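Visitor: Please take these sequences and the hints and turn them into a complete structure.
Respectively, the protein sequence lines represent chains Z and Y.
Quick note on the numbering used here: the first sequence kicks off at 2 and runs consecutively.
Quick note on the numbering used here: the second sequence kicks off at 2 and runs consecutively.
Some clues are possibly wrong.
Heads up, the list lumps identical chains together, so a pair's fine if it works in one copy or across two of them.
Claimed, not checked - Straight-line distance between alpha carbons at most 27 Å, and here's what the computed DSS-like set of lysine-lysine pairs gives:
id: 1; residue 1: K28; residue 2: K98
id: 2; residue 1: K60; residue 2: K28
id: 3; residue 1: K50; residue 2: K98
No wet-lab data here; the hints were simulated from the structure.
Small disclaimer: the values here were computed from a predicted structure and weren't measured.
Protein chains: 2
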Amino acid sequence: MPRNPTSYVILGLLSIHPNLSGYVMRKAVQGSIGYFWAESYGQIYPALKRLTREGLIAKSGGESNGRRPRQEYVLTEAGRRCLREWLAVPFHDEPPKNEFLLKLFFAREAAPGVAAAHLRDFEERNRRMLDTLNNIEASVPTARPSNPHQPYWLLTLGFGKALTAAALAWSESARAELTAAKPSAAPSIRPPKKRVAKKTASSRKHVVGKH
Amino acid sequence: MPRNPTSYVILGLLSIHPNLSGYVMRKAVQGSIGYFWAESYGQIYPALKRLTREGLIAKSGGESNGRRPRQEYVLTEAGRRCLREWLAVPFHDEPPKNEFLLKLFFAREAAPGVAAAHLRDFEERNRRMLDTLNNIEASVPTARPSNPHQPYWLLTLGFGKALTAAALAWSESARAELTAAKPSAAPSIRPPKKRVAKKTASSRKHVVGKH
DNA sequence: TGGGTCATGTAATAGGTTACATGATTGC
DNA sequence: GCAATCATGTAACCTATTACATGACCCA
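Guide: Printed below as a string of structure tokens:
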């Protein structure tokens, strides 16, 4: 019986830390794997119900400290087995849909300045993201014992940093290229000295836009 | 009236090259923006129908050279306006869901070797991707006139190359870190000289896995 | 008393994949 | 003849977001 990604996120979180409620799972996703994953309540709560019904997780007494009592969950043995099996099967990577790149690709049709604006926006967001990731890194204890999951967390964090930094570097050079290549709206006679002029290129058999 | 991303992809493609059929649109997506976007026939054909009904595109005589006649489409003026408007609104970037990173993050629960296997797999896929992108780049004419969309294509291609290269570099160092950090299954007494030992770290307020 | 956050959930809708059906043509 | 590719489309299903409903507690 195939299960959706949300289910595995839940199983994974419970494998790291028992007794989580739907609410804190959502928060945990945002706070730890938010760089490459997202879950909404509309996904989590139904999944919790289903997983309970199927015996992969079980309700554990929700501690109600003054507040509304939280329904908490723990992994069952079946749940742990299920998680392990899923972890072992090869991942599939569909191309991540990137609306920013989509708009950039079609940007010739846009009003002048639109592409540059998106690029600035992109750059800014990456700058903030890199900041966030660095803060996370700084908040991690470098101390010896730590916890057994930490090596893997460090790897994903490192990935986030590396890719964000690369995106940032690219967007800076892209901005330069763009302003250099587009001095006026009608570049027909000698586009005045491209400054950056990095040799990049594009496009395969290109059904669309044969050159 | 809000439209789905697929619609804008169609409008965008037709803005670059008129007279495309659903079939070649799919191919064009794979061949040009496949690095960061995907569309299935199940999305494209209904979208074509709807866009035609709404007057954003129109059927253009499908040329039937021996084969089954293809239904081709062109942009209408309303379609072009609609595309322009969409291009101008800020993009929203949801975190791209990355199953590889998800499995890596939870990998402590997996059987030994699983994380390393995924990493090798990831590395290999990125290597192939970089190859593909380089081939695309090589096939682009460096000649002067070219076509007006090319600067934007070059930017997205450059992005793909930069990010893939960064992912590749990361995965190589990650593999080294992983093998260094995990000599046996129970690293409790002095994990023998980590070789790479790049200072990375992880995790924010971390509801899950407080250290 | 009003806004923020804690906390759980449902319903409507949108977005997207997969499998299937159909049939022609090309190349081995 | 058979497999692959061209080419269009539909139906069933899964995935996911958004808005909404509910209510308590905290703090200013």
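Visitor: Each hint needs a verdict: does it hold in this structure or not?
Guide: Okay, the hints, checked on the actual structure:
Taking identical chains as interchangeable, the C-alpha atoms of K28 and K98 lie at most 27 Å apart whether they share a chain (24 Å) or sit on different chains (17 Å). Taking the closest pair of Cα atoms, K60 and K28 come within 27 Å of each other only inside a single copy of the chain (19 Å); across copies the shortest separation is 48 Å, beyond that limit. In this assembly of identical chains, K50 and K98 lie within 27 Å of each other by CA distance solely across copies; the values are 23 Å between and 30 Å within a copy.
Comparing the model with each numbered hint stated earlier shows that all of them hold.
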